[in-house]
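Student: Take a look at the letters that make up each chain.
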Amino acid sequence: MIRASRNHPGWWAALGHRLSGLALALFLPAHFLVLGLALEGDAALDGMLAWTDRPLVKLAEWGLVMLLTLHLGFGLRVLALEFLPWRDPLKVLISLGAGASVLAGLLFWIMVS
Amino acid sequence: MQDTAETEEMLEVEIWRGAEDGALRTYRVPRRESQTVLDVVTWVQRNAEPALAYRFACRVGMCGSCAMQVNGKPRWTCRTHVAKVAEGGKLRIEPLANLPKIKDLATDMAPFFEKWAEARGRHEPTRTRHEPMAPVSPENPARAAANAGIECINCAVCYAACDVVGWDGSYLGPAALNRAWTLANDERDADRCGVLRAVSQSGGCHTCHSHGSCVEHCPVGINPTAGIAGLKRMTLAALMRGEL
Amino acid sequence: MLEARLYLLQRASAMLLAPLVLLHLGLILYAIEGGLSAGEILGRTKGSLFWAGFYGLFVLAAALHAPIGLRNILREWTHWRGRSLDLATGGFALLLLALGLRAVWAVTA
Chain A
1 MIRASRNHPG
11 WWAALGHRLS
21 GLALALFLPA
31 HFLVLGLALE
41 GDAALDGMLA
51 WTDRPLVKLA
61 EWGLVMLLTL
71 HLGFGLRVLA
81 LEFLPWRDPL
91 KVLISLGAGA
101 SVLAGLLFWI
111 MVS
Chain B
1001 MQDTAETEEM
1011 LEVEIWRGAE
1021 DGALRTYRVP
1031 RRESQTVLDV
1041 VTWVQRNAEP
1051 ALAYRFACRV
1061 GMCGSCAMQV
1071 NGKPRWTCRT
1081 HVAKVAEGGK
1091 LRIEPLANLP
1101 KIKDLATDMA
1111 PFFEKWAEAR
1121 GRHEPTRTRH
1131 EPMAPVSPEN
1141 PARAAANAGI
1151 ECINCAVCYA
1161 ACDVVGWDGS
1171 YLGPAALNRA
1181 WTLANDERDA
1191 DRCGVLRAVS
1201 QSGGCHTCHS
1211 HGSCVEHCPV
1221 GINPTAGIAG
1231 LKRMTLAALM
1241 RGEL
Chain C
2001 MLEARLYLLQ
2011 RASAMLLAPL
2021 VLLHLGLILY
2031 AIEGGLSAGE
2041 ILGRTKGSLF
2051 WAGFYGLFVL
2061 AAALHAPIGL
2071 RNILREWTHW
2081 RGRSLDLATG
2091 GFALLLLALG
2101 LRAVWAVTA
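Protein chains in written order, with our numbering: chain A, 1 to 113; chain B, 1001 to 1244; chain C, 2001 to 2109.
One chain only, chain A, in its complex shape:
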């Protein structure tokens, strides 16, 4: 259960930041390995890209784009909080970051489908 003391925008932003970062860190090695397939020629990479054309994989890719934009947005919140002379908890920035990532995700979805 979520403790009542955690239910505020800063805490949810931090949780989103952490979980998206964790997922991205685990995805990175796979991403690098796929690109490394180009060493074996175009065919190997194309084989992989054909595999990524399945709807379920597309959905996962859409998730990754969302995670990356979310992590960027929440990360900018932390940098602003720690390095700019603002004293309020930047709730506006949190909403802006989340909004921007949803927008980017939407754009990605429109373009792949």
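Computed list of lysine to aspartate or glutamate pairs in EDC-like fashion (alpha-carbon distance at most 16 Å, straight line): (1) 1084/B with 1033/B; (2) 2046/C with 42/A; (3) 1103/B with 1020/B; (4) 1084/B with 1039/B; (5) 58/A with 2033/C; (6) 1101/B with 1020/B; (7) 1090/B with 1012/B; (8) 2046/C with 40/A; (9) 1101/B with 1021/B.
Derived coverage of chain B by chain A (criterion: at least 3 residues anywhere in the stretch with Cβ under 8 Å from a Cβ of chain A; other residues may be distant): (10) 1206-1217; (11) 1224-1233.
None of these hints come from the bench; they were simulated from the model.
The structure presented is a predicted model; accordingly, all values stated were derived computationally and were not measured.
Note that the Cβ used here is the ideal one computed from N, Cα and C, for glycine as well.
Given chain A, work out where chains B and C should sit, using these hints.
Tutor: Frame of chain A, contents of chains B and C only:
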């Protein structure tokens, strides 16, 4: 007499009894006008549970003794009105989170205060009492930064609200780091570099993730997250200068 | 002062990654239009000093940024602490750096 008691509005109050292995117990407490959560706890101790252990002293929000978890949030109970926090006539009162429970609503505050000492929370003077007072301009930006943090009443509400304190036992926590921030900005302190070194140890200011739970819950409106961010910048500058 | 140094690396790499990620996201949205093909990707990147430098820097920053974050998460959400954790996350940094630079080499050289 009994008739009025039955028509009287009652609160359903769950209170933590015992130490770590304790449990919640329910009491029915008469609702009063302008009633505070501390009034409720006191009523229970005087009328229903004489052995109930809890702390309070000033009852006016100055001493920082009476903080407890109220419906899941740490609060200063003497200045928290029941009307503001009761959900459907119900209150759940527990000892402060992130501190060892001694008995009922009393926690062991020793780890909290030990961390103030670890953060080098003691002022190191530049002058003795025989010298004239140091003139400090209130307009000085460092003094203004320190002033924003000096009204702390040591109630440990921020410490109980902070998730990082719960996750990492070595983390000094918002109150101790806020104290360090006021000293790091005090031109009368003889060893401000020592403060920066103290808060750069494992569990120091760099452990903070800027969740902002301390800011959300501080009863006197201090912003420890801003102070800790200031310490982060100050320690980075000292690190670059090779002073850490 | 390990924690202060890791904090510096974490925030410095974040500041570097922010614009790189924005450009990367822009490129993703541009590249996926009309489907992905190896020919299209490699045609853009092969022999390009710009993309080699861009993604080389990206890999370096990510290889610093991700393991430090992972170390924080493991320290706080599990009981894993100390030297073995530092070595394991350091190893993860080297793995990311090696795989990442290999990938950059594969698509640009």
